[in-house]
Structure formats: structure tokens, C-alpha cells
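Colleague: Add chain H to chain E, keeping to what the hints say.
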Amino acid sequence: MMNGEMEQFELRLNRQPLREVPAEWREEILAAAGRASSVERRGQGRFEPSTLVSRLSTLFWPHPVAWAGLAAIWVFILGVDFSQRGAAPVVAESHSPPSVEINVEVRQQRRLLAEMLGPRETREAEQLRIFFPRPRSELRIEILTT
Amino acid sequence: MRREPELERLYDEHAQPLYAFLLNFTRHEADTHDVLQDIFVKLARKPELLDGIRDERAFLIRLAHNAAIDLIRRRGGRERTRENFAADIISPFAPAKDPDEQTFRAELAGALAELPPDQRAVVHLKLWEGLTFEQIAAALDIPQNTAASRYRYGLDKLRGRLRPLYEEMKKAE
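Chains E and H, in that order, are what the protein sequence lines are.
So for the first sequence, our numbering puts the first residue at 1; every next one is plus one.
So for the second sequence, our numbering puts the first residue at 1001; every next one is plus one.
Chain E extracted, bound-state conformation (with noise of 0.2 Å):
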């Protein structure tokens, strides 16, 4: 075929006309469209693991080092607190209560030396004139009587 002709078999095929699309599909596709967008946007506001590791990672990416050093010493003071928490019981169950012979040598220690020491008044009164101010004149006569 010459261009001319050429041209004339390419016109030709260019008007044949195309097959319309079926006027019904609009709302079928559109409402599927529609369906599908709406469950998109409920979808959005989930809480979903992958979003918030996406969100920990764009927190973290900027110093990671520093993140992950400050991670370890949390986990360091964690582990510590927790190995301390453990031997605290171990030591309390180490201790078994006193004996009854023992409850009853501190019993006689305590009044041996409520003994000694005197009745209860006494001693509070002597606490309260050593600690109360007084005139060092008065001072001076007790020395002397004394």
C-alpha cells in the first residue's frame, strides 16, 4: 500500500465506532469505590502493631545509639533492682525468730538496767533541769551548795 493509502486504512479503522461502557456499572463501581474507601478510613484508626513500630522507628532512627545505650542502662538498673528484690527474702528467711531462752535473757537484761538506772520520773526530771535555761547566776549558787 502506497501512504496515501496507508492513510486512508488507518482512517478507516480510527471510525469504527467503540462498544459504549454499560451505563449500569457506573453505580455498581462507584458504590464498590465507595465501599472500599470507607473501610480504608475505619482501617486508618485502628491500632495496628505494624503502625506503631513504623511510628517507635521514625521516633528512634535519629539517634539509634543513643536510644539503644539508653536502653541497656534501663535494663541494667532494672536487672539490679530485680536481682536485689530476689535476695531480700532469701536473708529474711536466713534469720529464724529467737528462742524462748533468748526473749527471756533480754527481759531480765532490760530490768536489770530500768534497776540501775532508777525510777522513770527521776531521770526525765534531771533531763528537763539540765536543758532548761537558766540565769548563770543560779547556775553559780548551785555549784556552790553542791
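I should point out that these hints are in silico values taken from the structure, not numbers from a laboratory.
Just to be clear, a hint being listed does not mean it is correct.
[To be verified] Calculated cross-link-like contacts (lysine to any residue; reagent style SDA-like; alpha-carbon spacing at most 25 Å):
id, chain 1, residue 1, chain 2, residue 2
1, H, 1042, H, 1075
2, H, 1097, H, 1172
3, H, 1171, E, 8
4, H, 1097, E, 20
5, H, 1046, H, 1013
6, H, 1046, E, 27
7, H, 1097, E, 12
8, H, 1171, E, 9
9, H, 1046, E, 28
10, H, 1097, E, 23
11, H, 1042, E, 36
12, H, 1157, E, 7
13, H, 1046, E, 30
14, H, 1042, H, 1062
Since the structure is predicted, the reported quantities are computational estimates derived from the model, not experimental observations.
Modeller: For chain H alone, coordinates are given in the frame of chain E:
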């Protein structure tokens, strides 16, 4: 989030050419419906796909082309059973009242179906969408020279296949 009126506008402006383009590939109305719906569902789910797109038509044609190629690959087994395929086949052209014209359209539809998909896409976009080779190249993500050569090869095959009928119709006119 792109609102539904925006989807309506996209449908009203682009559904017809996308439908014709897809029908030329699939030759099945139901498949064409499914692919066209998938495209609009995708746009509804990810409206940002069109952000920064200068030529909506070219972008949508690319989506349609990729979806059509996927569909053809998926249904490869189905298409191999030629009898079943022929029973469902639908022409991309509107029916004609004139019997000669109807015969020509049917032959043209058959000749187009025999073209490799790459050539068929370029021929369709050049002849019935009126796109330039530059636009076709952008839409199908191919070099402009490739678009031009595919068109030439495709058109030669159509001409070879339709020549007897075309000559006969020309004489009758």
C-alpha cells in the same frame, strides 16, 4: 482522603476509554467489569496514587494495561480452550446496522485479537484514543521508538489480514 465526588469525576472522564481499552484485551465483559472495578477500588483505597500525576488518563491506562496483562496471564489455561473462549468473546466495537460494516468490524476484532498484547495496546491507543507516540510511551512505560515500531508492526498485520475485505469494500463504495 479523596472524596466520592472525585471518584465520580474520574469515572465520568475516564471509564469509557478504559472500558474500551480493557475490552480490547480481555474480550470478556465480566472480566472487563472486574478489572475496571479493581482500578476504581484501588483509587478509592489509595487516593494518593494520583497525587502529583500530570496526565490522569495516561496513568489510568497504565493501571488498566498492567491489570489486563495480569488477567491474561492468570486465565492462560482458560484461553487455551479456544471453544470456551470463542463462546464468550465480545467485540470491542459497537454493533453496526449495515451487514458489510458489521462484517468488517467482526474481522477487525478478530485481527486485533491475534495481535500480541503489546502491539494491540499501542494500536488501540493510537487509533481509538488518538494518543501520540510520546503519550503512549509514557502510558505504557516504554521508549517512544518502541511504541512507534509496535504500531507499525501491528498495523501491517491488520492490513494484511483485512486487505481482501478492505479492497472489496473500497470497490463497492
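Colleague: Could you grab the alpha-carbon distance between residue 1046 of chain H and residue 28 of chain E and see if it respects the 25 Å cut-off?
Modeller: Roughly 19 Å separates the two Cα atoms, so the pair holds.
Colleague: Quickly compare the C-alpha distance for residue 1097 of chain H and residue 20 of chain E to 25 Å and report which way the hint goes.
Modeller: 16 Å, holds
Colleague: Against the 25 Å threshold, does the CA-CA distance of residue 1097 of chain H and residue 1172 of chain H hold or violate the hint?
Modeller: This hinted pair holds, its Cα atoms lying about 17 Å apart.
Colleague: Quick one, are residue 1157 of chain H and residue 7 of chain E close enough, alpha carbons at most 25 Å?
Modeller: 15 Å, holds
Colleague: Straight-line Cα separation of residue 1046 of chain H and residue 30 of chain E no greater than 25 Å?
Modeller: 15 Å, holds
Colleague: If you draw a straight line from the CA of residue 1171 of chain H to the CA of residue 8 of chain E, is it 25 Å or shorter?
Modeller: 14 Å, holds
Colleague: Within 25 Å, alpha carbon to alpha carbon, are residue 1046 of chain H and residue 1013 of chain H?
Modeller: Holds - the C-alpha atoms of residue 1013 of chain H and residue 1046 of chain H are around 19 Å apart, at most 25 Å.
Colleague: Has the given pair, residue 1171 of chain H with residue 9 of chain E, been kept, meaning a C-alpha gap of at most 25 Å?
Modeller: 14 Å, holds
Colleague: Given the hinted pair residue 1042 of chain H and residue 1062 of chain H, is their alpha-carbon gap at most 25 Å?
Modeller: Holds: residue 1042 of chain H and residue 1062 of chain H sit about 13 Å apart, inside 25 Å.
Colleague: Sort out whether residue 36 of chain E lies within 25 Å of residue 1042 of chain H, counting only the CA atoms.
Modeller: Within the cut-off at roughly 8 Å; holds.
Colleague: Would the pair residue 1046 of chain H and residue 27 of chain E pass a check requiring their Cα atoms to be no farther apart than 25 Å?
Modeller: Holds, at roughly 20 Å.
Colleague: Given the hinted pair residue 1042 of chain H and residue 1075 of chain H, is their Cα-Cα distance within 25 Å?
Modeller: 21 Å, holds
Checked against the numbered hints above, the structure violates none of them.
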